[in-house]
Each structure stands twice: as structure tokens, then as C-alpha cells.
Amino acid sequence: MLTKRQNLMETIKGGNPDRFVNQYEFMEIILEAPMDLPLAPGPGTRIKNKWGITFEWPADQIGSFPVHDDEHRVLKDIEKWKEVVKAPSVFYTDEEWAPAIAHANSVDRKEKFVTAFCAPGIFEMTHHLMGIEDALMGLYEEPELMKELIDYVVEYELAYAKEVIDHIHPDALFHHDDWGSQKSTLISPAMFEEFFLPAYKKVYGFWKANGVELIVHHSDSYAATFVPFMIEMGIDIWQGAMTTNNIPELIKQYGGQISFMGDIDSGVVDHPAWSHEEIAKYVEIACKRCGKLYFIPNLSQGLNISSFPGVYEATSEAIDNLSKVMF
Amino acid sequence: MAKIEEVKAKLEAGKAKLVPGLVQEALDEGNAAQDILQAMIDSMGVVGDKFSAGEVFVPEMLMAAKAMSKGVDVLKPLLTGTSTSSLGTCVIGTVQGDLHDIGKNLVAMMLESTGFEMVDLGVDVSTETFVNAIKENKNVVLVACSGLLTTTIPAMKETVKTLKTCGLTGFKVIVGGAPVTQEMADEIGADGYASDAGSAAVKAKELVSAIA
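Residue numbers (our numbering), protein chains in the order written: chain A, 1 to 327; chain B, 1001 to 1212.
A portion of the hints provided could be inaccurate.
What the hints assert, rightly or not - Using 20 Å as the maximum straight-line C-alpha spacing, the simulated DMTMM-like pairs for lysine to aspartate or glutamate come out as follows: (1) 183(A) x 1055(B); (2) 1015(B) x 141(A); (3) 183(A) x 1049(B); (4) 147(A) x 83(A).
Unchecked claim - A few chain B residues facing chain A, derived, Cβ under 10 Å: (5) 1016; (6) 1054; (7) 1062; (8) 1096; (9) 1097; (10) 1124; (11) 1150; (12) 1195.
Worth flagging that the hints you see were computed from the coordinates, not collected in a lab. C-beta: ideal position from N, C-alpha, C; glycine also.
Looking at chain B on its own, in the form it has when it is part of the complex:
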């Protein structure tokens, strides 16, 4: 098996201790750093799809993301001058009044693995904080709002409304979380909805490619 294929296989299996060495071997074999990075991004997509399908669970996602992160560490010195991120910046947070972060963190990991540069605002994020983050960071192409509680749906609605009317442009808004549905996302004016971290990565790419 070519080393780059081994990188992909071990990343999908969440072998965080093995992936950095394999990435180095793939480089030694003559593969370009950018190609190895793309192979790892593709593998995370596979893991995300399996998560969406219920074939793998949260620990497997976490382990794959950790393996990805360790692999990227090996590539980083070689990617200087070109960004490790090619899709732009994503601002993410759990909306005001909600402290749940597991789902938000999984989405952040998947989006980062897909190629977004992430700005994670944490939990209980006010509308104002979302808006300021867009102003303060370069090339924000996506804002991701998460919420688990039914009671925070009004906060999500308010956040989306403000993001859409604040005068800032060049980004799409994606929403998700246990009480959120496609219907609700449409109703509150979000550009996209995803039901889990795996499909969030797919939807996010689709949304930002429409900007370009």
C-alpha cells in the first residue's frame, strides 16, 4: 500500500500515534505536502459520513480528528506560505443562553478538518459577539450557530436575523442542534442546516462554494 493510502486508512481508524510517522514516510516517498493534506481531509470526510450514518460514534470522531491534527503538525512547516486552510474562516459558537458544547465542538473539529480556519467563540455567545468576530477576523465565509435547548431557539433566531441585517456580507450562516430542523432553519432565515457534524462539513463546503 502506498504510504499516502496508509495515512488515510490509519486516520480513518483514529490511530493518532501512528499517523504522524506515516505522514513523514509519505513525504519521504515523494508525495507533496498539499496532496497528503488533501488525502487527510478526504479521510475526515469519510469519517464524517460514517458518523452521519451511525456507523461510528463520538470517540471514533474524536480520535480521527486527533490523528488529523497530529498529521497536520508534521505538514505545517512545509505548508508555510500557503495556508493549511483553503476554504476560509468559520466563526462558530453555541447561541446565548445555552452552555452545551459537545455538538458544537464536534462540528468545529469536522469543519477544521475539512479545511476551514476556525474561530471558536465557545458557549453562551451573544449576537454582538458573533458580529464582532466577523469584523475582527479575516475572510469569514461561514458563521455556524449551535443550540441544544428548545428554550434557546429564540436566541438562535435573533442571532441569525442580526447576522443577516447587520450590514456585513460575504458569509453564509449555518445552524444546527437537537431542536433545529431544516424547516426551522428556513423559517429563521439561515442559509443552511445540518443534522450532525458529518453532514455539517458537507453542507458547509457546499455553502461557501456558492459564495465563490
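Extracted from the complex, chain A is given alone in its bound form:
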């Protein structure tokens, strides 16, 4: 039986996996790594992170939102970004790094990939700072200033990456940046190519040049039209690929250059009235239509969790059951 790491490599290299890669099983994500907390930590909380961005997680919601009213929005005028936007330090004490190092050292790297975690992404950081409308219009109205801001975020990411690499020597990177809605990208492919492809080539290129073997990018959205750019920037696995992308077709077109992790939309199965039967149905649909290579069946959620208790585990169980039938 292949290790989880070997099975993943067989799957994404077009070899001979002996079962489906089961969701996030191949990644040991080192969430203890010190970082600027990108989100409010739980229901009923509100925080201001080190960039000055306020996040709120209302008690009755299933997630955290940046607060963008006039009082809280960090960057109200892109022309003033240099005065207003101040990246936090990427340096943390040995004491702060200790839990992450201990976690990384405990991992059998033949079995799993020690995985660094980065969020928010570069695009997300622009709209967390400015609000989505201003960030998107800024790409039209002040493209050079937006490029400067993006470069600034890239420099921060590179500096943080160096610290992570020095401390935990990750084999993989799991990096968030949502680029679309359920059925469309937020910006055009041309705009993405101009503003964000160069940024990500720098960031992912740096991780890969420093020992990271695998780049896993999360965008739980439609982003099929960005796949050529994902390949160019060095993404090995697109996690969060929703059913709206027609993943079987993407596998046919791009399998071997990139792999797809998803095809089970969290919104469809992860709800208060979830059931094993419903999950098994959608897992079977995904596995049968996407096949054994270049595909990892997975909820579209951006971590190895679900919004409602039991859904992630039930999905894993259904995938294991399918493996027994299909392999």
C-alpha cells in the first residue's frame, strides 16, 4: 500500500495510485506557525489584525467578514496607500515558533507533506484593505498604484515565506486566495494576467526554489478560465474547484500539468440537515465523473473541516468506500 504522500504523487503524476487521495490527508498543515491572524477566531468575536483590518464573526454566522464601513476601512484612498498601509513584522520569537517546529518535526515526511499555510492571498489582501468595490475599481482607475500595492503585499509574503521555510522546512504550501464567485471569476482573465499572475509567479517561484515540492492553491469558486495561469505560476493542485468548473473537462484538457481537488460543493452537502446518504451520492458522482488521475475528491471548504460537525468525516468515509469499489 502506498503512503499518503506516494499515493498523492502517483495521482498527480498520472501513475498508479492504489486508492483515491482522501481530501486533505496528504497534507499535515502546520497551523501553529505564528502569523498575522487573518480572520476573527470564532463566532461572536471581533479583532483588528496587524494590518489594521477589522474582522467580525457574528454569533449566528458560519464565518468571519472584514468590516468595511467608513470607520473601519483601512485604505480609503489608493493614492495614500504608502502612508496608510503598513505591513506587520514577519519576525517572531523562538518561543513563538516552537509549537510549529515541534509539529513539523513530529511528521513522518515519507507519509505526509509538512505543509505551510498562507492566508489571505494577494487579491484578498487588496480587498480586505480597501473593500471589494474600491479594490476592483482601483484596477481600472489607478492601475499603477494598485500594482505598487500588490508588489508591497508580495514583498511581505516573500519575507514571511523565508521565515516559514527557515523554521519548518515545509514540503508543501497551502495558499488561499479566492478569485471568483460560484459561476464566474471576479475579474477578467486579461486583468488577472496583468495584475496577479506576475505577483504569484514571484511568490510561488520563491517557495519552490526553497524546497517546497507542492503548491496547493485554494479558491472555492469558478476559476476554470484561470487554469492556464495557475499552471504558469506553479500551482500543482487547485483546491476548492467547484462543480461549476466542469472538472472532468479540465482534467481532460490540463491533467498532467495541474490536478483538481474538489468537485463536492460544500454548499450542497454541508448544511444543518446533512446526511450520510446525500454525501455518499455526491462523492460517487464526483469520483465517477472525474476518475482516478489528476483528481482529489474533496469538499470545497478551504481547510480540513466542515461548517457542520461530522460532514468532513462522513465525506472521508464515503471516499474510502468508493476507493474499495473503484480500485
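Using the hints provided, position chain B relative to the given structure of chain A.
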């Protein structure tokens, strides 16, 4: 090219800095303010159709709406006495339990550009707030309910049910958002459904013309 055609072209291209000057030039050329306004409304319809077809994206919609807004600012003093809105008032909000507002904001911009006077209730809007907004605002002909989360479908259903049974009349209810389908809209008793901001504007006009 006639100035009014230039206004249309630049609005569709989202040239917010150029449109106000062109609107003024179109007025100077002798065009009536109402005709220029209608030309801009038509252009926003074109942008909405392109958005529905996946030919333009959110930034292009935002820029066109901004151009429209700046153009309307030039016309407003000349439209005094007649409303800049000819379709009536639309109350819009994201239903209770849901804080997502990008889609709702896009729909609001498109409906405003189409000729509705908008009352935007924001996000996490209770059924009671929707009902009160209908009572407190004049000429409400449309209520638009948005929701992104699967988990807020029950709240949308409850909102539509209450709007339909609260005793108030004279308005239609339109719903939309990622988990919403035509089938679901029919099931919960909404009058209309739209899959995106562009088609929402088309559907909204269709719904309110049925009232008239």
C-alpha cells in the same frame, strides 16, 4: 458621432471621468435631459447583458455604474420636477443570517441604473425590516431578496412568505443568489428570479410592468 452616442459608448466602457463632460456636451448640442438619461439607462442594459453573458466582469460593471452615476449628477438639476426614476421604488436586502453583499450591491446598482429608486437595507435583514421598509417608503413596486449561503434559504423562504401574506400589496418579489434557482423561487412563492445582476434588471422591469 453624435454626443449622445458618445455618452453611451463611454458609459459602456466605464469611463467615469469622461461621461459627465460628454453629458454636458450632449445637453449643449440640444438633447433633452430625459433623452440622455434614457440613453444611459439603455447603455447600462447593454453592460448588464454583457455581464450575464460573461463578456464583462465585476470591475467593468462597477465602472459603468460609476460613470452612470456621474452622468446623472449632471442631469439632476434639469430633471427637477420630474423624477430621475420612472419605475418606482425597490427595497433590496440580503436576508437574515447572511452578510454577503457583493451580489446584492451589484443588483442594486443595476436596478438603480435601470430606473428604480433604491432603498438598500443592507445585509442580515429581518423579515420585519423588509415589511417596515415597504410601509415607510412611497411607491414600493419591487422587493429584492438576496442570499448566498445555503443555510439562509429558510430565511429567504420565510421572508417571501411574510411579504406575500402581510396584507401589503402593489409590489412584486424577486429573489437571487448563489444557491437560488428558478425552481426554488417558484417553490417559495417569489414572483421572479434572476441568476445575476444583468438579468435581474431585465426581470425587474418585466415584473413591474405587469403591475402597471
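- Task: For the hint on residue 1124(B), just tell me whether its beta-carbon gets within less than 10 Å of chain A.
- Result: holds (7 Å)
>> Please verify whether residue 147(A) and residue 83(A) have alpha carbons no more than 20 Å apart.
In response: With Cα atoms ~16 Å apart, residue 147(A) and residue 83(A) stay inside 20 Å; holds.
message: Tell me if the interface restraint on residue 1150(B) is satisfied: Cβ within less than 10 Å of some Cβ in chain A.
response: Constraint on residue 1150(B) satisfied, holds at 4 Å.
Quiz prompt | chain A contact restraint for residue 1096(B) - C-beta distance below 10 Å | solution = holds (9 Å)
Q.
Holds or violated: the hint that residue 1097(B) contacts chain A, with Cβ atoms closer than 10 Å.
A. At 6 Å from the nearest chain A Cβ, residue 1097(B) passes the 10 Å test, so the hint holds.
**Asked** Given residue 1054(B) was flagged as interface, is its beta-carbon under 10 Å from a beta-carbon of chain A?
**Response** Nearest chain A Cβ about 6 Å off; hint holds.
query: Given the hint that residue 183(A) pairs with residue 1055(B), does the C-alpha gap stay at or below 20 Å?
result: holds (13 Å)
Against the 20 Å threshold, does the CA-CA distance of residue 1015(B) and residue 141(A) hold or violate the hint? Distance of about 9 Å is within 20 Å: holds.
_Take the shortest C-beta to C-beta distance between residue 1016(B) and chain A; is it under 10 Å?_
With a closest approach of 8 Å, the residue 1016(B) hint holds.
#### Entry: Interface hint status, residue 1062(B) versus chain A (Cβ within 10 Å)
holds (5 Å)
- Keeping to a limit of 20 Å between CA atoms, is the pair of residue 183(A) and residue 1049(B) held or broken? holds (16 Å)
### Query
Given residue 1195(B) was flagged as interface, is its beta-carbon under 10 Å from a beta-carbon of chain A?
holds (8 Å)
Taken one by one, the earlier hints all hold for this structure without exception.
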